[in-house]
Amino acid sequence: MTSRLTRLGFSLLILLSANVSLADVVLVVSAKSPVHILTRNELADIYLGRNSRFPNGQPAVPVDQRESSADYVAFYRHYLGQTPAQIKMHWSRLIFTGRGQPPRSLPSSRAVADFVAEHAQAIGYLDDAYLDERLRRVSIE
Amino acid sequence: MLRKQPHLKVLVTLLACGLSMAAQAATPSLSLDGFGTLGAVYSDEARADHTSSIFAARGAGYSSDWSAEVDSRLGLQLSAEVTPRLSGVVQAISEQRYDGSYQPTIEWANLKYHVTPDLSVRAGRLMLPVFMNAEYRKVGYALPWVRTPQEVYSSIPISNIDGVDISYRFRLGEVNNTLRATYGQTTGKFPYIDQNGERATGAAVAREGFTLGNNLEWQNLRLFTAYTHYRLSIEELTPFFDIYRAFGPDGEAIADRYDMNDKRFDVFSLGANYDTGNWFVMGEWTQSSSRTFVGDSRGWYITHGYRLGSITPYVTYARHSKRSPTSVAGLSQPGTEVLDATLNYFTAYQDSQTRFSLGARWDFARGMNLKAQIDHIDLDAGSNGYLTNRNPAFEPGGSVNLFSLALDFVF
Numbered sequence: 001m002t003s004r005l006t007r008l009g010f011s012l013l014i015l016l017s018a019n020v021s022l023a024d025v026v027l028v029v030s031a032k033s034p035v036h037i038l039t040r041n042e043l044a045d046i047y048l049g050r051n052s053r054f055p056n057g058q059p060a061v062p063v064d065q066r067e068s069s070a071d072y073v074a075f076y077r078h079y080l081g082q083t084p085a086q087i088k089m090h091w092s093r094l095i096f097t098g099r100g101q102p103p104r105s106l107p108s109s110r111a112v113a114d115f116v117a118e119h120a121q122a123i124g125y126l127d128d129a130y131l132d133e134r135l136r137r138v139s140i141e
Numbered sequence: 001m002l003r004k005q006p007h008l009k010v011l012v013t014l015l016a017c018g019l020s021m022a023a024q025a026a027t028p029s030l031s032l033d034g035f036g037t038l039g040a041v042y043s044d045e046a047r048a049d050h051t052s053s054i055f056a057a058r059g060a061g062y063s064s065d066w067s068a069e070v071d072s073r074l075g076l077q078l079s080a081e082v083t084p085r086l087s088g089v090v091q092a093i094s095e096q097r098y099d100g101s102y103q104p105t106i107e108w109a110n111l112k113y114h115v116t117p118d119l120s121v122r123a124g125r126l127m128l129p130v131f132m133n134a135e136y137r138k139v140g141y142a143l144p145w146v147r148t149p150q151e152v153y154s155s156i157p158i159s160n161i162d163g164v165d166i167s168y169r170f171r172l173g174e175v176n177n178t179l180r181a182t183y184g185q186t187t188g189k190f191p192y193i194d195q196n197g198e199r200a201t202g203a204a205v206a207r208e209g210f211t212l213g214n215n216l217e218w219q220n221l222r223l224f225t226a227y228t229h230y231r232l233s234i235e236e237l238t239p240f241f242d243i244y245r246a247f248g249p250d251g252e253a254i255a256d257r258y259d260m261n262d263k264r265f266d267v268f269s270l271g272a273n274y275d276t277g278n279w280f281v282m283g284e285w286t287q288s289s290s291r292t293f294v295g296d297s298r299g300w301y302i303t304h305g306y307r308l309g310s311i312t313p314y315v316t317y318a319r320h321s322k323r324s325p326t327s328v329a330g331l332s333q334p335g336t337e338v339l340d341a342t343l344n345y346f347t348a349y350q351d352s353q354t355r356f357s358l359g360a361r362w363d364f365a366r367g368m369n370l371k372a373q374i375d376h377i378d379l380d381a382g383s384n385g386y387l388t389n390r391n392p393a394f395e396p397g398g399s400v401n402l403f404s405l406a407l408d409f410v411f
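In order, the protein sequence lines correspond to chains A and B. Going by the numbering used here, the first residue of the first sequence is number 1, and it counts up by one from there. Going by the numbering used here, the first residue of the second sequence is number 1, and it counts up by one from there.
No lab work stands behind these hints: they were computed from the structure. Source: prediction; values computed, not measured. A virtual CB, placed ideally from N, CA and C, is assigned to each residue, including glycine. Watch out, some of these pointers could steer you wrong.
Said to hold, decoys possible - Okay, the calculated bits of chain B under chain A, using three or more residues with CB under 8 angstroms as the criterion:
no.	region
1	30 to 36
2	123 to 137
3	323 to 332
4	363 to 377
As the list claims (entries may be wrong) - Pulled a few chain A residues facing chain B out of the computed Cβ check, cut under 8 angstroms:
no.	residue
5	Gly-81
6	Gly-98
7	Gln-101
Can you build the whole structure from these sequences, using the hints too?
Structure representation (structure tokens):
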């Protein structure tokens, strides 16, 4: 019984990590945005609703992809070190205390590319296949 | 508890107007969110009930071995952004009440105005940020445990207040800091057994409630500090202390020292949470004091959790202790023996306990988790812990074991 449970646990872990390594997700802003680089903490503050501005003081509008998407899982795992369940828990603490709503959710990398390209204040993440000249990749230090 | 308070009705009406305005506006932002818990808890103490708080009528143990009434609840919340600066929210909760019913109550209903992006004021029925996890104490999904540790959270069992708050957020380098002041009043109805052994309902009226809280977030660390004071009255106790008052200055002094008539309570609380993503350690400490028969108490807990994929096992150690004398002299005059014994019955009320708890949370689907938790509670000598509905055969002290299962969800 114990070994079966352990095996089940391991398969779950392997499934999770496999899921994550599939997508290569990059962080982008509009080419018109002055933002080039963010620290991991600055990024986390923007995506977790703790700060509504970029370090330069300009408003930041983060956009998400669907919670069920591989890009979503990869972004939060790679950049914030958190699982979708942890993110959901974080937002439930803010939503049910009236302190915030999660970023707007867009249906695909293409939709994120279009939205970020049109909004100088936006920041998003997408599959690197969707990078184009309207966007700038943001480095994380 | 939706009480007949005119200002709340006005507020609900305003909110309803606001919500319909938002629905008609070109950029409406209206969202409906919900949360809930389906829980069952077993207690091996058959002579008293383990309940969610003093406000619940029944629990596990005495009323029934297993109870689905302790942790189960459903909450619905409607939020509206009327303008980028003005928003409103109404949250209704159905859970077991003092009368054993599940009639939904308005947990909170308020309007928020952003003076600047970092400075906001709210008015209406508000969540009370007295402890680190107090604002979402009823949202099982937002908590690592099946329920908040009673050793700390029972010090102030109420979760909302009718009044105003002001919140200011500022950054110091990488540190995010939110300072909040809340002022208001509330009434909590609780069940009790009167001197004739009949079920009765009492009302605890808190006024001039003031909380100053600070929440600091820096990388993986969260630090919480709050100071709360309020004036509490329980009218049902007044006739008893009036007997003392009839004995002249000595009796009045005793009544003033131990009664619960507009008495000031001071509560300090500290909390810290360090969460690396893979594991977390969280602890809180609180101290409550008042010149009443309840006296002074301290409570604390520490929890460690480790995330293994979607499963998070956790362990908690908690302690609550009453710190004021349980035995008082009373008047000690000929003929006051019964009276003094009754006063000692109040002051002897003891809820000191130590709890060791093991549990696991399994995030098995989006917005859902399943939790299992075992609690071993050691009651101090003479202590009832937080057990209610104690039948005459119940003996204070000893130990109690609880086994809880909970399905939490948000949508």
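Evaluated hints:
Residue count for the region 30 to 36 of chain B with a Cβ under 8 angstroms from a Cβ of chain A: 3. That meets the three needed, and the coverage hint holds. Look at the region 123 to 137 of chain B against chain A: 3 of its residues bring a Cβ nearer than 8 angstroms to a Cβ of that chain, three or more, so the hint holds. Counting residues of the region 323 to 332 of chain B whose C-beta sits closer than 8 angstroms to any C-beta of chain A gives 0, which falls short of three, so the coverage hint is violated. With 4 residues having a beta carbon nearer than 8 angstroms to a beta carbon of chain A, the region 363 to 377 of chain B meets the requirement of three or more and the stated coverage holds.
A hinted interface residue such as Gly-81 (chain A) counts as satisfied when its beta carbon comes closer than 8 angstroms to some beta carbon of chain B; here the least separation is about 4 angstroms, so the hint holds. Below 8 angstroms, beta-carbon pairs count as interface contacts, and Gly-98 (chain A) has one with chain B at about 5 angstroms; its hint therefore holds. For Gln-101 (chain A), the suggested interface contact is upheld, since its CB lies about 7 angstroms from the closest CB of chain B, less than 8 angstroms.
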